[in-house]
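Number of protein chains: 2
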Amino acid sequence: MVEDKILNTIKKHNLIENGDNVLVGVSGGPDSMALLYALLSIQTEISFSLYIAHVNHGVRGREADEDEKFVEKISGKLGIPFYSKKIDMEGYAREHKLSSEDAGRRLRYKFFREVLLSINGGKIAVAHNKNDQAETLIMRFFRGTGLDGLKGMEYRNGDIIRPLLDISRNEIEDYILEKNINTRLDRTNLENIYNRNKIRLELIPYIVDNFNPNIVDTLWRTSRTMSNDSEFLEEFSKERYRELVKVEDKNSIILCRQKFSREHIAIKQRIIRHSIYNLTGTLDGISEIHVRNVLELFERGDTGKSVDLPNRLEVKTSYDDLIFRIKNLNVNNNYKYSLKRGQATYVKEWNSIFKMEVYPMEKIQLNFKDRFIKYFDYDKIKGEIYIRNRRLGDTIQPFGMSGNKKLKDLFIDKKIPIDEREKIPILVDKNDIIWVVGLRTSEKYKITPYTKNVLVIKYKNL
Amino acid sequence: MVEDKILNTIKKHNLIENGDNVLVGVSGGPDSMALLYALLSIQTEISFSLYIAHVNHGVRGREADEDEKFVEKISGKLGIPFYSKKIDMEGYAREHKLSSEDAGRRLRYKFFREVLLSINGGKIAVAHNKNDQAETLIMRFFRGTGLDGLKGMEYRNGDIIRPLLDISRNEIEDYILEKNINTRLDRTNLENIYNRNKIRLELIPYIVDNFNPNIVDTLWRTSRTMSNDSEFLEEFSKERYRELVKVEDKNSIILCRQKFSREHIAIKQRIIRHSIYNLTGTLDGISEIHVRNVLELFERGDTGKSVDLPNRLEVKTSYDDLIFRIKNLNVNNNYKYSLKRGQATYVKEWNSIFKMEVYPMEKIQLNFKDRFIKYFDYDKIKGEIYIRNRRLGDTIQPFGMSGNKKLKDLFIDKKIPIDEREKIPILVDKNDIIWVVGLRTSEKYKITPYTKNVLVIKYKNL
Numbered sequence: 001m002v003e004d005k006i007l008n009t010i011k012k013h014n015l016i017e018n019g020d021n022v023l024v025g026v027s028g029g030p031d032s033m034a035l036l037y038a039l040l041s042i043q044t045e046i047s048f049s050l051y052i053a054h055v056n057h058g059v060r061g062r063e064a065d066e067d068e069k070f071v072e073k074i075s076g077k078l079g080i081p082f083y084s085k086k087i088d089m090e091g092y093a094r095e096h097k098l099s100s101e102d103a104g105r106r107l108r109y110k111f112f113r114e115v116l117l118s119i120n121g122g123k124i125a126v127a128h129n130k131n132d133q134a135e136t137l138i139m140r141f142f143r144g145t146g147l148d149g150l151k152g153m154e155y156r157n158g159d160i161i162r163p164l165l166d167i168s169r170n171e172i173e174d175y176i177l178e179k180n181i182n183t184r185l186d187r188t189n190l191e192n193i194y195n196r197n198k199i200r201l202e203l204i205p206y207i208v209d210n211f212n213p214n215i216v217d218t219l220w221r222t223s224r225t226m227s228n229d230s231e232f233l234e235e236f237s238k239e240r241y242r243e244l245v246k247v248e249d250k251n252s253i254i255l256c257r258q259k260f261s262r263e264h265i266a267i268k269q270r271i272i273r274h275s276i277y278n279l280t281g282t283l284d285g286i287s288e289i290h291v292r293n294v295l296e297l298f299e300r301g302d303t304g305k306s307v308d309l310p311n312r313l314e315v316k317t318s319y320d321d322l323i324f325r326i327k328n329l330n331v332n333n334n335y336k337y338s339l340k341r342g343q344a345t346y347v348k349e350w351n352s353i354f355k356m357e358v359y360p361m362e363k364i365q366l367n368f369k370d371r372f373i374k375y376f377d378y379d380k381i382k383g384e385i386y387i388r389n390r391r392l393g394d395t396i397q398p399f400g401m402s403g404n405k406k407l408k409d410l411f412i413d414k415k416i417p418i419d420e421r422e423k424i425p426i427l428v429d430k431n432d433i434i435w436v437v438g439l440r441t442s443e444k445y446k447i448t449p450y451t452k453n454v455l456v457i458k459y460k461n462l
Numbered sequence: 001m002v003e004d005k006i007l008n009t010i011k012k013h014n015l016i017e018n019g020d021n022v023l024v025g026v027s028g029g030p031d032s033m034a035l036l037y038a039l040l041s042i043q044t045e046i047s048f049s050l051y052i053a054h055v056n057h058g059v060r061g062r063e064a065d066e067d068e069k070f071v072e073k074i075s076g077k078l079g080i081p082f083y084s085k086k087i088d089m090e091g092y093a094r095e096h097k098l099s100s101e102d103a104g105r106r107l108r109y110k111f112f113r114e115v116l117l118s119i120n121g122g123k124i125a126v127a128h129n130k131n132d133q134a135e136t137l138i139m140r141f142f143r144g145t146g147l148d149g150l151k152g153m154e155y156r157n158g159d160i161i162r163p164l165l166d167i168s169r170n171e172i173e174d175y176i177l178e179k180n181i182n183t184r185l186d187r188t189n190l191e192n193i194y195n196r197n198k199i200r201l202e203l204i205p206y207i208v209d210n211f212n213p214n215i216v217d218t219l220w221r222t223s224r225t226m227s228n229d230s231e232f233l234e235e236f237s238k239e240r241y242r243e244l245v246k247v248e249d250k251n252s253i254i255l256c257r258q259k260f261s262r263e264h265i266a267i268k269q270r271i272i273r274h275s276i277y278n279l280t281g282t283l284d285g286i287s288e289i290h291v292r293n294v295l296e297l298f299e300r301g302d303t304g305k306s307v308d309l310p311n312r313l314e315v316k317t318s319y320d321d322l323i324f325r326i327k328n329l330n331v332n333n334n335y336k337y338s339l340k341r342g343q344a345t346y347v348k349e350w351n352s353i354f355k356m357e358v359y360p361m362e363k364i365q366l367n368f369k370d371r372f373i374k375y376f377d378y379d380k381i382k383g384e385i386y387i388r389n390r391r392l393g394d395t396i397q398p399f400g401m402s403g404n405k406k407l408k409d410l411f412i413d414k415k416i417p418i419d420e421r422e423k424i425p426i427l428v429d430k431n432d433i434i435w436v437v438g439l440r441t442s443e444k445y446k447i448t449p450y451t452k453n454v455l456v457i458k459y460k461n462l
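Respectively, the protein sequence lines represent chains A and B. Just so you know, we're using the UniProt record's numbering here: the first sequence kicks off at 1 and counts up by one. Just so you know, we're using the UniProt record's numbering here: the second sequence kicks off at 1 and counts up by one.
Derived by calculation from the structure, the hints in this document are not laboratory data. You may find that some hints are simply not true.
If chains are identical, the list can't say which one is meant, so a pair holds when it fits in one copy or spans any two.
To be verified - Derived DSBU-like pairs (lysine-lysine); straight-line CA-CA distance at most 30 Å:
hint	residue 1	residue 2
1	Lys355	Lys11
2	Lys11	Lys198
3	Lys305	Lys12
4	Lys305	Lys198
5	Lys12	Lys259
6	Lys355	Lys238
Given only the sequences and the hints, what does the whole structure look like? Please build it.
Below you can see the structure in the form of structure tokens.
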């Protein structure tokens, strides 16, 4: 029953397809253990590969180590590849002035993505359930997020999937009991995330007693209708953005002021956010007030006045132009290094070393698990091989995909901030991109059963 | 300061214009007394007429009578016309199976509209403030309303205006103290409206202590952004509706199925609501589930299947048509009566009597306060005068307006249910509508300084 519901969710939202790599984040607690076993059962319906990642948050010493051992043992028993990492959540939080919750989340996803890179890409499955969704909505409601916050967590957001979003905590508990699944007590939730806990343990029971016994289901429905409305407004605004944009390059976006002024305020605000996101690769640190300031500037339209935003972004108006521009972006920082067989090349802009070798297929043992080694079909390479940073108009056929993708869009999808975009090394031959380091390899150069000679690139970050 | 803020709100949202009639609902409590005095002060900036309406809810016997006397006395002192009515809120609630709150609201607005009719139309000013707005948002959030609920109460909704929506309860209390305004304790709020009270007295203080000390301001901002998004989606959906609609008559609406199927689900749901509202004049009793059922019917598209909705509305599909139809609506109930000078005419469909007289201007004392007498410029009348019900294509130039308005749209704006629309008597001459009884008189026939002869219509509901 629970497994059927999860399978339904997966199919309805197209979360997992045949051939996918799915990396499950497993803490050892009931939610993630239920997710793991449900996904195992679903492998009979959809053929995908499972991987397990465990993060040791570095709090509660011995207990955390035991959690890690527990998950590792389960992985071994199930024959599923296991990856783990110890992180210093509290230290990172102090250093970057974040809440423990935010620090933990950032470090977790950073690790998950590292693992994904080493398994040639895939999806990260996390165990958020219906009750988590309700808690999220309440927290966001109190914080004052609008429509786009109250849609809640999404079934799918980039490479993150949430197959349990339609399943309540009670259903998970029943499933754990029914299947006799061993779990560890997930103390992290109880200790660190103060606000969420107050909502779970005090506020929701109060709402249930006084206002709405089905509050969790009610808020789940709210998230669904909000999600529909938000999706439409996003799509519509992006369409309008494309009609408004006059210039869109590395360090600036220029919109047509006349056309902008004709839009509804709900659309104007989204076009502003969209412009900021496209240019800087993030909306972190952008609050409602920033957007309002930009909007006021655009509506007054004083030529010469400007508004400063985070990430060195400057917004100004000039006659018929609305201008977003990154200040002090050195656009003359192009670099290019030639790679030679058997030689190591130091790329100072990325502080890393690339070593290139070529072997006949029968002479080499491929190790796809080592994420610092990449293999390509050498006979498909044309001309010399270089490491360089991005150029205007770069495209790649990403591994596993049939069409080409603009590098710019890849950066946007992967949420790469603007400064990083200028530095990321790209492996190219005469014609094409072979590998965007840290992000994607190309479908065109992949190893196949017909590969005769293998290009081996060893990569080391200093 | 408070008065300036209120004046700002009024100007920004265009709530009151020169020449308006503004009827203030005054309970005698701090909010409505503050509203009354603030509006008085604003009369120096905008020239409008004030009227006071007080509703005696018929609970708490003697105390309620004293409230009424208190407001009457203030009205007298200020020289403002005073209207009051005793209603049986609890009886009406029992009879119509409503909460006391809903019953009270319905009866109050019914009375306010009766008064408006007698003063030749105008606006109803109510004293909802920023804190009321926050409470409303929380209640609706717990109930699971989407975007269109979380926009909260509007500054202006039809003929209702809310000049205090930007003012907090604290600001009102300070204003009352500063101006030394006498008020009565508004016990009704404390006694009857259980949910709102729990939110005011328990929940908001808890949120302030634990999550957000500025929750009232935060939710006020939420209501603003939600309102923007909702407004855009409504406007956009209405546009789409107009492109989808093939037939729109008295008892049916037919949409083009092919075009409908291409819309986003967020827009589809709004088009369905819009169709229901246009046809029946109300969305009361229409829940999310009704809309979802209609949507599923439309998406499956089984010709011949149908969904029944409240207000005798039936929805079905037929080949390329999506059909909304009122069942058993007698469309052959047209009526028409000729009015004769000096004679009384009984209109059985409205159970009322109309008496027509004509006087030279100098022979008559006009009494605009008597809402059962209407005056028109007799020399502008062409041909005979009739009382009839609506006909296809009827339009009117409403009093105070320069353009014509479809009668259908007037009914929709005034939220007249479909059955009423068939019955409402309309005074016409050969060419035009003179008066839609109970709703609007025509600009064309109004009394002016040049009027020589006056058409007097006396109206009595039996």
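Cross-check of the supplied hints:
1. Lys355 / Lys11: Answer is neither; intra-copy 42 Å and inter-copy 70 Å both fail.
2. Lys11 / Lys198: neither (34 Å within a copy, 42 Å between copies)
3. Lys305 / Lys12: Classified as between; 25 Å across copies, 49 Å inside a copy.
4. Lys305 / Lys198: So lysine 305 and lysine 198 fail the 30 Å test inside a copy (45 Å) and across (48 Å) alike.
5. Lys12 / Lys259: This pair counts as between: shortest inter-copy Cα distance 24 Å, intra-copy 38 Å.
6. Lys355 / Lys238: neither (42 Å within a copy, 62 Å between copies)
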